[in-house]
Amino acid sequence: MQLPVRIITPLLALSLLAAACGDDSSSDADSSTGTAESITLYSGRSPELIDPLLDAFTEATGIAVNARYGDSAELALLIQTEGDGSPADVFISQSPGALGLLAGEDRLEPLDQSLVDLVPDGFAASDGMWVGLTGRVRVLVYNADLVDPADLPASVLDLTDPAYAGRVGVAPTNGSFQDFVTAMRNELGDPATLEWLEAMADNGSPNYPKNSAIVEAVGRGEVEMGLVNHYYNLRALEADPSLPSVNHFLPAGDLGSLVIVTGGAVLDSSEAPVTGQELLTWLLSEEAQTTFAAETQEYPLLPGIDAPSGLPGLTGFAADTIDYDLLGDGLTGTVELIRESGIEQ
Amino acid sequence: MVLAIGVFFVGPFAYVIWRNIDLGTDVWSVLWDRDTLQPLLQSLRLGVAVSLSTVVIGTGLAWLTIRTDLPARRMFRLLSPLPLVFPSFVGATALLAGFASGGLVEELISPLGIDTLPDMRGFRGAWLVLTFFTYPYVYLPVAARMASLPPSLEESARMLGRGPWAVFRSVVLPQTSSAIWAGGLLVFLYTISDFGAVTLLGYDTLTEQIYADKLFDQARAMGMALVLGGVALTVVMAERSLDRRRGQVEVLRSREPLTVSLGRWRWPCLIGVTAFLGNALIGPVAILGFWAWRGLTADVETIGLGTDVGSLWGPMLHTAQAGLITAVVAIAVVLPVAWMIARYNSRVAGAANSMVVAGFALPGVVTALSLVFWVIDAPVIGRWYQTLPLLIIAYVLHFGAQATRAAHVAVAAVPRRLNDAAATLGAHQPRRFLSVELPLMTPGLLAGAGLVMLSTMKELPATLLLAPIGFDTLSTQIWHAGDSGALAQGALASLVLVVLSAVLTWVVVIRRIESY
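Protein chains in written order, with my numbering: chain A, 1 to 345; chain B, 1 to 516.
Simulated from the structure, these hints should not be mistaken for laboratory data.
Among the hints, a few may not be true.
Said to hold, decoys possible - Pairwise CB distance ranges (calculated):
{"#": "1", "chain 1": "B", "residue 1": "Thr-274", "chain 2": "A", "residue 2": "Glu-286", "range": "53 to 61 Å"}
{"#": "2", "chain 1": "A", "residue 1": "Pro-303", "chain 2": "B", "residue 2": "Val-7", "range": "56 to 64 Å"}
{"#": "3", "chain 1": "A", "residue 1": "Glu-198", "chain 2": "B", "residue 2": "Pro-71", "range": "54 to 62 Å"}
Unchecked claim - Heads up, simulated SDA-like pairs for lysine to any residue below, C-alpha to C-alpha not over 25 Å straight-line:
{"#": "4", "chain 1": "A", "residue 1": "Lys-210", "chain 2": "B", "residue 2": "Trp-127"}
{"#": "5", "chain 1": "A", "residue 1": "Lys-210", "chain 2": "A", "residue 2": "Gly-166"}
{"#": "6", "chain 1": "A", "residue 1": "Lys-210", "chain 2": "A", "residue 2": "Glu-340"}
{"#": "7", "chain 1": "A", "residue 1": "Lys-210", "chain 2": "A", "residue 2": "Thr-35"}
{"#": "8", "chain 1": "A", "residue 1": "Lys-210", "chain 2": "B", "residue 2": "Gln-218"}
{"#": "9", "chain 1": "A", "residue 1": "Lys-210", "chain 2": "B", "residue 2": "Ala-219"}
{"#": "10", "chain 1": "A", "residue 1": "Lys-210", "chain 2": "B", "residue 2": "Ser-29"}
{"#": "11", "chain 1": "A", "residue 1": "Lys-210", "chain 2": "B", "residue 2": "Gly-122"}
Here a beta-carbon is modelled for each residue, glycine too, at the ideal position from N, C-alpha and C.
Using the sequences provided together with the hints, build the complete structure.
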């Protein structure tokens, strides 16, 4: 076993070195001012989509950002398990649900009103615990080779019609779908929501694990339509412009065109909450919001910044009628309702 | 020491039990709920089916590549363990894309006049994907065992006029059965804990339910995790009691193991092996290669298409580092347990062993969170939180089972009389261990180390939550790319992962088992 020893000894030495160096973060916080020269971010958004913005923030402010990337729900579980010992200062989530869970457990620090006021009403938690950063609109993606646009529904509620039996893909275990169902409960009440879910189940709606899987399936003609967020198809088309998948925006005001925000919050265990808010404020700056719109094709939430090119404007979509707080707190009920309906199949 | 190791591996179970108490989960009502029982039965059905098919394929492949005159067998020895390194979601994506209309398979079979493609969603797809990507759990231990079988028994059987098949069935198979069982058990445990493949292929298992409920219905998710752990523990203990009743085969290094001449079956076997590996390895690699090539040759720099080969250098080093260190540490940690069981039939060691093995069936995110729970506020070790040593510990916690079953088989194969002889000659225990037992155990231990290494290289949930900030691995790169729709970059990272695992498997495992 000579060779492994020769390889492994330096590797072990290296790792111990790495361990020794990994210890000095987050000790530079000044507790009297709540600021620090470096902060730790847990991000449910991929590095490809946010790294350039963090670099620009560091360049502008001199504050270093140590970012851990992962799945929003898993990072929320991590923060929950870490408790007061969490190294994280800021949490950015793909869905309001994960933020709502932490808010419900009193793990978030209330944000300054001036930060919350940057976005229009309805795009931040009403108690100021978290603020929206970008918006995604729910759409019905369809395969233009298989579906006549005249057959598309005017409302998401129409999809329970037998004419759509077996034709609409859903992702019942996905966070965005759950947020959508929570909004429906808020709008129509639990009995009507359960009825809609059961009717979708009776219609034999094929299941997929997540939005991107639905978009891929629609693209290759495996299923004709699917309920997803708007930008997945835009990215799929970027990769392969010949795909027949098209986004159908349901009319403004319909539940089917709900705006789901990605949001950010500062943790109550952070030693540098002021610096954390500085990062969130920067992500809502004109520069950052313009970049979001151009690079991620999500809707900027700062008023005055244009929607991504080729997309309808955000005004009038259902977001302002939805109480986002319920999207967080009520999610246990939503998960139970979805399971009860039998739509997971 | 064995007790300490056992306690270490109890961590995840203790965490799950504590969470159940804390959340006030009524485990019985969770268990007897139709919404739990149904997925549980689906998990068991898939677990049994995949175990059976991998046992047949893994054993057959090991025999063909190690013990026969199959053409190009050295190349097949290198290729055979590799499918293990595919993250199961990558395999499932490739399969779905391959069988989709307009996909690779349709293009291949449409000239033959077949125009209806089999539906790959549900049980069939999950069974196929998991069989393709988990049979190395059987292949590696069985190949290691076959490489070290003494030829004398087989020679006798053949001199008595038995044909190759009869020799295989009556001599080779009984001598390798403990390695086969060990591999089949690992496949079963992996299958019931898999999330990536079943969720993409729309097959509803208990683990899929745990993931769906993990955030917003934690009481139910933790209740189901406990059920899963209980099932795993039961299966592990049942297998152990069976194992105890089986006679142990002792291995003596004497001469080269016997090579069987396949005769006129030589070419049909070659075609079979090629066809199988074509599906399990070459097919996915071809699809990934196509995606990566499309990205590398595209002239537009968009999120969906851009590739950056240079950015994979760091993740590649991290992946190799994590895989190698974890393999060595895992073997070192579980060897004492395996040794105590095989040598002294120790009860404590038996219990410790069951814990180590059953822990493999808990979903990775549960194991990772348990470590966070135990470590974050602990004195001294809490300072290691989210550093490399602790990440390695998480890997060992999750993958220890793979090393422990292989180590157990390896230790049990060492003839006790050699040890006794060495003792009579005055050698002390450490010296006996190093000069007599360790060399005999080497192939089995290497097989275990290889499994741990490949599993670690593709590990995702613990890496995302516990790696030091900036410690990207190829697996996290693949996941991020998939998350942001960067198909080409994800495919490229997957290809690098396959090549890297081929190199490491050759250098660390296969070459040594061969030259043994």
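So, going through the hints one by one against the coordinates:
1. With their beta carbons about 59 Å apart, B:Thr-274 and A:Glu-286 fall inside the hinted range of 53 to 61 Å.
2. Checked against the given bound of 56 to 64 Å, the beta carbons of A:Pro-303 and B:Val-7, roughly 58 Å apart, stay inside it.
3. For the hinted restraint 54 to 62 Å between A:Glu-198 and B:Pro-71, the CB-CB distance of approximately 59 Å keeps it satisfied.
4. Of the pairs offered as hints, the one joining A:Lys-210 and B:Trp-127 holds, with about 21 Å between alpha carbons and a cut-off of 25 Å not exceeded.
5. For a cut-off of 25 Å, the pair hint linking A:Lys-210 to A:Gly-166 stands: about 18 Å separates their Cα positions.
6. Distance restraint check for A:Lys-210 and A:Glu-340: the Cα-Cα separation of roughly 20 Å lies within the 25 Å cut-off, and the hinted pair is therefore satisfied.
7. Among the hinted pairs, A:Lys-210 with A:Thr-35 is inconsistent with the structure: their alpha-carbon atoms are about 38 Å apart, more than 25 Å.
8. Simply put, A:Lys-210 and B:Gln-218 have alpha-carbon atoms about 20 Å apart, close enough for the 25 Å limit, and the pair holds.
9. A hinted pair counts as satisfied when its Cα atoms are at most 25 Å apart, and A:Lys-210 with B:Ala-219 qualifies at roughly 23 Å.
10. Using a Cα cut-off of 25 Å, the hinted pair A:Lys-210 and B:Ser-29 is violated, with the two alpha carbons roughly 29 Å apart.
11. Distance hint between A:Lys-210 and B:Gly-122 is fulfilled; the C-alpha atoms sit about 16 Å from each other, no more than 25 Å.
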